[in-house]
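**Student:** Using the sequences plus the hints, can you model the full thing?
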Amino acid sequence: EADIYQTPRYLVIGTGKKITLECSQTMGHDKMYWYQQDPGMELHLIHYSYGVNSTEKGDLSSESTVSRIRTEHFPLTLESARPSHTSQYLCASSDARDPTGELFFGEGSRLTVL
Amino acid sequence: GDSVTQMEGPVTLSEEAFLTINCTYTATGYPSLFWYVQYPGEGLQLLLKATKADDKGSNKGFEATYRKETTSFHLEKGSVQVSDSAVYFCALRGGSTLGRLYFGRGTQLTVWP
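Chains as they are written, first to last, in the working numbering: chain A, 1 to 114; chain B, 1 to 113.
Errors might be hidden in some of the hints.
[As the list claims (entries may be wrong)] Simulated DEER-style distance windows between Cβ atoms:
# : chain 1 : residue 1 : chain 2 : residue 2 : range
1 : A       : G14       : B       : T70       : 28 to 38 Å
2 : B       : S3        : A       : S61       : 13 to 23 Å
3 : B       : T70       : A       : T86       : 36 to 46 Å
None of these hints come from the bench; they were simulated from the model.
Don't be surprised by glycine CBs; every beta carbon is placed ideally from N, CA and C.
**Tutor:** Here's what the structure looks like:
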């Protein structure tokens, strides 16, 4: 069983609001990732981190920001939500010591911006 | 660069039918290959993986063989069930990707009773 948790699971919010999606893992993994999943199911990497105080932007440009102050915690923030941010956001982690690179996923946060 | 090409869906089958979802890849070095499954309203779960050529990953009746000569990792199941209805993602971790996984676009499978 993977121990990676995302909150909230569902969020409906108005335009202009600030939101933070939480992601925590209890496996001690150094590597963490945020993916955005569009309605066509495709996954887009938007942020990743290889350790505390390390964050990088992914393949898809995103207006969101992330932080990694603690190993187990990797929150994603939108300062001013817009309808174009409506999507499913998936957090994942992996063990740097695992040569296969297997990812463990949270259950996702579905964001709807009105 | 590293990439995965996955059979487009949707795929619709009757219960007990045979399933194949094609996946081919491009990668430098010797990638690890994965199939992930996403059930409705959930995140992705690892279904199976293979780490070297000719390895066969298997789980829950699903199988996939790492074919280096054809750069393929096709997913198969001999007899699908309604509960197999989900989205399936092929993925690879190449040697030069610093641990990142590259995903295919996903294949929606629906199984009817």
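**Student:** A separate judgement is required for each hint: does it hold in the structure or not?
**Tutor:** Taking the hints in turn, this is what the structure says about them:
1. A/G14 - B/T70: 28 to 38 Å: Given range 28 to 38 Å: violated, Cβ gap about 51 Å.
2. B/S3 - A/S61: 13 to 23 Å: holds (19 Å)
3. B/T70 - A/T86: 36 to 46 Å: Roughly 40 Å apart at Cβ, these two residues keep to the hinted range, so it holds.
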